[in-house]
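> Here's the letter readout for the chains.
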Amino acid sequence: MSLAIQFIIDGILIGSIYSLLAVSIVAVFKSTAVFNFAVGQMLVLGGFFAWSFLSWFHLNLWVSLALSMVASAVLGYAVQRFIFDRLIGQPLFALFGTSLALGVFLSGIMILVWGSISLPFPEKLLPVGSIALAKFGLSKGLLAGFAVAMVFLVVLSFFYYRTGYGLEMRATAEDHQLARATGVRAKKIFAMTWAVGAVTATIAGIILGDRLGLTVGSLPAVAVRAFPAVLLGGLESIPGAVIGGLIVGVTESLVGGLISSRAADISPFVVLLLILLIRPTGLFGLERIDRI
Amino acid sequence: MRRPGGVYDVSYSQDIAILRTPFHWMMVAVGVILLFSMPLFTSPIGINLLNVVAITSISATGMNLLLGYAGQISIGHAAFMATGAYTGGILVTHLGFSFWAALPCAGIAAALVGIITGLPSLRVKGFYLAMSTLAVQYIIPWFIINVRPDITGGINAMSLPPPQLGKFILDSQEKWFYVIMPLTFLMLYFAKNLDRTRLGRAWVAIRDNDLAAEALGVNLFYYKAQAFAASSFYAGIAGCIWAFWAGAASTEPFDLNYSVWLLGMVIVGGLGTILGSVLGAAAIVSLDRLVLIAGPAIEPLLPTVTKGTVGASLAPIAFGTVLMLFLIFEPRGLAHRWGIIRSWWQLYPFRY
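Which chain is which? The protein sequence lines are A and G, in order. Numbering of the first sequence is given in our numbering, commencing with residue 1 and proceeding in unit increments. Numbering of the second sequence is given in our numbering, commencing with residue 1 and proceeding in unit increments.
Wrong hints could be hidden among the right ones.
[To be verified] Among chain G residues calculated to face chain A with C-beta under 8 Å, some are:
#1 73
#2 115
#3 128
#4 146
#5 147
#6 149
#7 151
#8 258
#9 312
#10 317
#11 341
#12 343
Hints in this document: simulated from the structure, not taken from any laboratory. Predicted model only: the values in this text are computed from it and were never measured. Don't be surprised by glycine CBs; every beta carbon is placed ideally from N, CA and C.
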């Protein structure tokens, strides 16, 4: 039993990364109706930005982290401005195909610039070792990652609910036309949402890159596990994305610990299939009603 | 289909014919003769390229049946190819089937997996359905590798004997060429006709507006399941041919990335046309080969940091760029462009 609780704790800590990625996807999907398949590549790219500021330009750690977020925000902004702005009103497959193509394109760029071998950060960003709490061991790195993720999510919700831009973003997500009628510049808000999504992915990328090393080969596959989290929480709900991420993390950790480590690899996708068959709208998603 | 002025149908059989005029027949005959004499004046690399394009056309056609005709997005097509490859491989190596008996079985096995993948279409559609294909893309290779590694070889590739045709053993690219090309023609011809039956029209109705189609009496679930079955059947056949042609079945080439490439091929080629699948497969495969050649050539022009990584990076960059450009500027693909050129040629010097 205590073993299971240990796995649940680990799962929640790891799941916070999936939560971050799921929030990134949901934020973009809510306002622009584009499902960002490139989130895995954006995550690695954000990590590479931080890595480059640290090891190429030898900047201070905090300056590098701040600059990497600025760089990825610019990237997200550019993605909307130069690519998705031209596809407004296009059918689903076009948006779908473009975000897949963007992912392939970004991974090519990353192989060109940073190569395809795994790059560790020059110094460990998150603490190592573990602390004992009652009978359970908590990895300091995972705990710090969890804390960073949660703090960032609080900051993000503050941005969404307490600032003018956040209000405009929520209004645009609710209804494009109504928002535009009240003077919100929808295209600008779309681009800002992409920037927010890219920054969120970058945070996850830095945490993951610190733990696993940055590589184009395997890190995007971690991000793919955030997709079940998104559907589990419901495509339209940001709190749902957070909870979905944690549930996927716990599932993966429990299956890995109690059944087999190989089964853990596909457990998120089995969850995904089950959600689609049982409750396609997820926990907090909206029931879609279509009219002819 | 547009025809030159003065050519009219006088019977129903003419009306439904694919090749309508003697000129069509002549062009096809010349094309076929040229194609089949290719090995006489092409290098082995060229024949290899043609084989890859032909096999890829089969699976791209399957993708097109699903995405271009029925309007259902799939990013798990490569997993169906893997199913076909391993079904064929197991039947031949463990159960003693001949390649020719295993080939349709591989298609049918993939079709069954496709129907299971399409099951969520009973409740969900569009984007959600695509997610179920994503799940399948991860689950199937996992099953192949982990469930019975004693049969499938686990993460190691499963080596396959070259099949026999009469007393010929298919052990060279040229011999394969004469097997792959007729098979491809057969599959494309079948798909072309499928699109003109009730089934094909029902798919198009679902693609254009599923609610309206349902109101008109099209059973959505039944036809979507058939779309998945037909699409995966094509993928299974292509996967099986691929595995025997390459001499080994492995899950490695059939990853998520390859599914995305197949999706890109049908979008670049043209959705909803059989010609588009072939053009898309040819364009993307050639692009892939071209950047392999271009890689070493442009490497000296780039900063030293990138030494040795140019070759691996050009293919995804080129593919991503081409796919995005097509989606933004020519979402109807090369087939549409070809149609424009053809009607310009027929109508010249008039505009329309």
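> Against each hint, give a clear statement of whether it holds in the structure.
Okay, the hints, checked on the actual structure:
1. A cut of 8 Å between beta carbons decides the hint on residue 73 of chain G: the least distance to chain A is about 6 Å, and the hint holds.
2. Hint status for residue 115 of chain G: violated, given a least beta-carbon distance of 14 Å to chain A, over 8 Å.
3. Interface hint status for residue 128 of chain G: upheld, as the beta-carbon distance to the closest one in chain A is roughly 5 Å, under 8 Å.
4. Taking 8 Å as the C-beta cut-off, the interface hint given for residue 146 of chain G holds, the closest approach to chain A being about 5 Å.
5. About 10 Å separates the beta-carbon of residue 147 of chain G from the nearest beta-carbon of chain A, more than 8 Å, and the hint is not met.
6. With 8 Å as the threshold, the beta carbon of residue 149 of chain G stays out of range of chain A, its nearest partner Cβ sitting at about 11 Å, so the hint is violated.
7. The interface hint given for residue 151 of chain G is broken, as the beta carbon of that residue sits about 17 Å from the closest beta carbon of chain A, more than 8 Å.
8. The interface hint given for residue 258 of chain G is broken, as the beta carbon of that residue sits about 11 Å from the closest beta carbon of chain A, more than 8 Å.
9. Taking 8 Å as the C-beta cut-off, the interface hint given for residue 312 of chain G holds, the closest approach to chain A being about 5 Å.
10. Interface hint at residue 317 of chain G: satisfied, since its Cβ lies 4 Å from the closest Cβ of chain A, which is below the 8 Å cut-off.
11. Because the closest C-beta pair between residue 341 of chain G and chain A is about 23 Å apart, greater than 8 Å, the hint is violated.
12. With a cut of 8 Å, the hint placing residue 343 of chain G at the interface with chain A is violated, because the nearest CB-to-CB distance is about 25 Å.
Violated hints, listed in ascending order, are 2, 5, 6, 7, 8, 11, 12; each of the other numbered hints is respected by the structure.
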